[in-house]
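K.L.:
Sequence:
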Amino acid sequence: MDKNTLLAVVLSVIVIAIGFSIQNALYPPEEMAQPSPTTEEAPTPEAPEPREPAEPRPDEEPTEPRIAAAAPSYEVAAVEEELEPEEYVYENDILSVRFDSRGGDIVSFRLFDHWDSDEPVEMIKRGASDDRAFTLAFGDETSEPIDAVFRRRQDTDEHTVEFYRDFRVQDRSATGENGEAVEHGFRVRKIYRFAPREYLFEMDIVLENHGSGAVPVNVNNRAYTLGIGPQIGPSWRELDGRHEYRRFDHYDGNRVNRETLRAGERERLDIRPNWIAIAGKYFAVIAVPGNVDYAITISKDDVPGLEEGAQMYFSRPPIRSQFQTDTFRFFVGPRTGEALASYNTARDNAFGIRNLDLDEMVETRFMLGWLEDILKAALNLIYRVVPNFGIAIIILTLVVKALLMPLTRKSRDSMARMQELSPKIQELREKHKNEPQKLNAETAALYKKEGINPLGGCLPILLQLPFFIAMFGLFNNHFDLRGATFIPGWITDLSAPDSILNFGDFTLPMLGWNDLRLLPVIFVLTQIVASRFMQNPAAGSNSQMKMMMYVLPVVFFFVLYNLPSGLLVYLIFSNILMAAENIIVKKKRAVASA
Numbered sequence: 151m152d153k154n155t156l157l158a159v160v161l162s163v164i165v166i167a168i169g170f171s172i173q174n175a176l177y178p179p180e181e182m183a184q185p186s187p188t189t190e191e192a193p194t195p196e197a198p199e200p201r202e203p204a205e206p207r208p209d210e211e212p213t214e215p216r217i218a219a220a221a222p223s224y225e226v227a228a229v230e231e232e233l234e235p236e237e238y239v240y241e242n243d244i245l246s247v248r249f250d251s252r253g254g255d256i257v258s259f260r261l262f263d264h265w266d267s268d269e270p271v272e273m274i275k276r277g278a279s280d281d282r283a284f285t286l287a288f289g290d291e292t293s294e295p296i297d298a299v300f301r302r303r304q305d306t307d308e309h310t311v312e313f314y315r316d317f318r319v320q321d322r323s324a325t326g327e328n329g330e331a332v333e334h335g336f337r338v339r340k341i342y343r344f345a346p347r348e349y350l351f352e353m354d355i356v357l358e359n360h361g362s363g364a365v366p367v368n369v370n371n372r373a374y375t376l377g378i379g380p381q382i383g384p385s386w387r388e389l390d391g392r393h394e395y396r397r398f399d400h401y402d403g404n405r406v407n408r409e410t411l412r413a414g415e416r417e418r419l420d421i422r423p424n425w426i427a428i429a430g431k432y433f434a435v436i437a438v439p440g441n442v443d444y445a446i447t448i449s450k451d452d453v454p455g456l457e458e459g460a461q462m463y464f465s466r467p468p469i470r471s472q473f474q475t476d477t478f479r480f481f482v483g484p485r486t487g488e489a490l491a492s493y494n495t496a497r498d499n500a501f502g503i504r505n506l507d508l509d510e511m512v513e514t515r516f517m518l519g520w521l522e523d524i525l526k527a528a529l530n531l532i533y534r535v536v537p538n539f540g541i542a543i544i545i546l547t548l549v550v551k552a553l554l555m556p557l558t559r560k561s562r563d564s565m566a567r568m569q570e571l572s573p574k575i576q577e578l579r580e581k582h583k584n585e586p587q588k589l590n591a592e593t594a595a596l597y598k599k600e601g602i603n604p605l606g607g608c609l610p611i612l613l614q615l616p617f618f619i620a621m622f623g624l625f626n627n628h629f630d631l632r633g634a635t636f637i638p639g640w641i642t643d644l645s646a647p648d649s650i651l652n653f654g655d656f657t658l659p660m661l662g663w664n665d666l667r668l669l670p671v672i673f674v675l676t677q678i679v680a681s682r683f684m685q686n687p688a689a690g691s692n693s694q695m696k697m698m699m700y701v702l703p704v705v706f707f708f709v710l711y712n713l714p715s716g717l718l719v720y721l722i723f724s725n726i727l728m729a730a731e732n733i734i735v736k737k738k739r740a741v742a743s744a
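Residue numbers (my numbering): 151 to 744.
Calculated from the structure, these hints are not laboratory results.
A portion of the hints provided could be inaccurate.
[As the list claims (entries may be wrong)] Listed next, the in silico DSSO-like pairs over lysine-lysine satisfying Cα-Cα at most 30 Å (straight line):
no. : residue 1 : residue 2
1   : LYS598    : LYS583
2   : LYS598    : LYS736
3   : LYS737    : LYS574
4   : LYS738    : LYS574
5   : LYS551    : LYS574
6   : LYS736    : LYS588
7   : LYS526    : LYS560
8   : LYS738    : LYS598
9   : LYS737    : LYS551
10  : LYS599    : LYS581
11  : LYS551    : LYS583
12  : LYS560    : LYS736
13  : LYS599    : LYS588
14  : LYS560    : LYS598
15  : LYS599    : LYS738
16  : LYS551    : LYS581
17  : LYS560    : LYS738
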């Protein structure tokens with residue numbers, strides 16, 4: 151193999167290897183600016199326009215300045231009442247929500263239109279201690295969630311679920327006429343409002359003082375903290391930042407800031423975002439708080455029984471009114487533009503909400519996003535005709551190969567002509583081995599005489615690189631490939647690596663693998679076969695050629711081992727097409743020579 155052909159192959163290897171890792175480097179964290187408010191009262195027909203200044207409601211106390219004095223010594227307890235814990239299930243056509251009367255919390259949130267194996271996607275991962283989600287705690291984010299059993303109101307409409315419980319507060323810093331601690335009573339209500347075919351729901355937290363004056367709860371200078379956690383679903387094999395991850399996205403009306411905390415880390419946000427989300431690769435829980443000046447904390451606290459936790463906390467300042475309603479909105483569902491954009495226009499959702507801009511969390515590729523969108527549209531179009539995404543990928547590969555045929559032909563012809571000149575170039579090297587400048591001049595003259603561009607074989611390959619990167623982005627991020635089966639029992643999820651044998655708790659040393667995969671092996675074999683048919687017979691004993699033929703596929707084996715099976719199907723079929731093309735070309739050349 152001559153030096154220029156070797157250079158072309160090496161450059162191709164380098165850019166392809168970079169292509170596999172470039173996806174994780176393309177999205178650096180973005181800075182956040184000022185948030186815009188959402189409405190505070192419940193229910194409201196629409197969300198506010200972004201970036202308008204927040205104004206307190208008439209019955210809302212001003213949130214600035216914060217209370218500077220230390221909170222009194224309070225003891226908050228539920229009014230004694232004999233209540234047995236129970237669970238209640240709300241369902242509509244796309245989701246099922248299971249409530250626990252302890253705290254009026256949510257313990258299960260399943261999505262009927264999306265599946266994990268043979269079960270609907272579960273959006274709440276509870277861990278070994280069966281922690282609950284959407285919990286309420288008196289005080290800040292360090293306080294324990296309320297565990298008291300709430301009553302459920304029975305006379306609400308079919309899409310509304312309400313829980314309530316009375317509490318009492320003993321202020322030990324103040325005493326009454328008999329010298330005992332002053333006691334106050336108040337009621338807490340949690341009201342959930344759902345709608346058919348909606349992943350978004352509204353949640354009211356209502357606090358009402360039984361006596362006169364402000365709601366008498368102030369623990370650590372906070373009235374309450376709403377907690378979302380301990381982790382969101384769906385289930386995963388590994389959180390590696392590529393196939394699945396958990397991070398925090400928050401939006402200020404202009405841009406999305408994406409933060410990834412390490413396990414055990416906790417961070418207090420210094421801004422008031424329009425919305426904040428615990429985001430996975432395909433699903434998210436998005437919180438849209440009201441215009442109260444909540445202290446927002448994000449964390450990845452350790453959760454027993456889970457590889458990693460992910461939590462959000464909204465801590466409210468003390469209440470200065472007798473009756474207070476705080477409204478949150480939550481989206482719990484898929485991270486698709488179609489599902490998220492429906493809350494930008496009031497007529498597109500049952501709540502009449504507009505301008506939430508939840509679709510801003512859908513990532514776009516700033517370099518090749520347009521090409522990825524074209525390939526995605528083509529893949530979906532093929533899938534409508536052939537309802538198997540594996541077969542659709544093969545057909546798309548064939549289409550792309552046909553489109554790139556002029557480039558591959560030009561590259562192949564250029565390399566063939568370079569190989570034909572190898573004997574003459576070798577003669578020049580022997581003749582001018584002690585005269586580098588003379589050798590370069592003579593070589594350039596030979597190329598000019600023969601009408602050959604030394605980079606003619608490399609540039610067409612590099613021009614194909616954008617298609618490879620776009621294909622990688624498509625197979626690694628296309629939502630519809632999640633859980634898409636190609637071959638039952640083997641390739642059951644084209645967005646994840648295949649597996650023919652799981653090693654259980656055993657992991658291969660150094661490599662960290664605990665699955666035996668077949669697709670990377672097939673790729674190596676097809677790559678070697680394709681390389682043999684590309685090989686010039688005259689270079690059969692060339693050691694460089696042998697290295698390219700056998701060593702590089704092995705290197706690719708390790709690079710590709712944990713990549714999505716959809717990408718492997720594309721690469722394997724590309725190798726098969728390449729081998730078939732070279733067989734046909736060689737036969738034509740043999741006939742022409744004869």
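K.L.:
Against this structure, judge whether each hint is valid.
P.N.:
To see whether the hints hold, each was checked on the structure:
For the hint linking LYS598 to LYS583, the alpha-carbon distance of about 21 Å falls within 30 Å, and the restraint holds. Taking the CA atoms of LYS598 and LYS736, the gap is near 27 Å; set against the 30 Å cutoff, the hint holds. For the proposed pair LYS737 and LYS574, the alpha carbon gap of about 26 Å is at most 30 Å, so the pair holds. As the CA atoms of LYS738 and LYS574 are separated by approximately 25 Å, the hinted pair is consistent with the 30 Å bound.
Distance hint between LYS551 and LYS574 is unfulfilled; the C-alpha atoms sit about 34 Å from each other, more than 30 Å. Between LYS736 and LYS588, the direct Cα distance comes to roughly 36 Å. Violation of the 30 Å bound is thereby established for this hinted pair. Taking the CA atoms of LYS526 and LYS560, the gap is near 27 Å; set against the 30 Å cutoff, the hint holds. With a C-alpha separation of about 27 Å, the suggested pair LYS738 and LYS598 falls inside the 30 Å cut-off, and the hint holds.
Between the alpha carbons of LYS737 and LYS551 the distance comes to roughly 20 Å, so the proposed pair stays at or under 30 Å and holds. Note on LYS599 and LYS581: the hinted pairing holds, with a Cα-Cα distance of about 19 Å set against a maximum of 30 Å. Between LYS551 and LYS583, the direct Cα distance comes to roughly 42 Å. Violation of the 30 Å bound is thereby established for this hinted pair. A distance of roughly 15 Å separates the Cα atoms of LYS560 and LYS736; the hinted pair therefore holds under the 30 Å criterion.
For the hint linking LYS599 to LYS588, the alpha-carbon distance of about 16 Å falls within 30 Å, and the restraint holds. Straight-line distance between C-alpha atoms of LYS560 and LYS598 comes to about 18 Å, which keeps the hinted pair within the 30 Å bound. For the given pair, LYS599 sits about 27 Å from LYS738 by alpha-carbon distance, which is consistent with the 30 Å threshold. Note on LYS551 and LYS581: the hinted pairing is violated, with a Cα-Cα distance of about 42 Å set against a maximum of 30 Å.
A C-alpha spacing of about 16 Å is found between LYS560 and LYS738, which places the hinted pair at or below 30 Å, so the restraint holds.
Checked against the numbered hints listed earlier, the structure breaks hints 5, 6, 11, 16; every other hint is satisfied.
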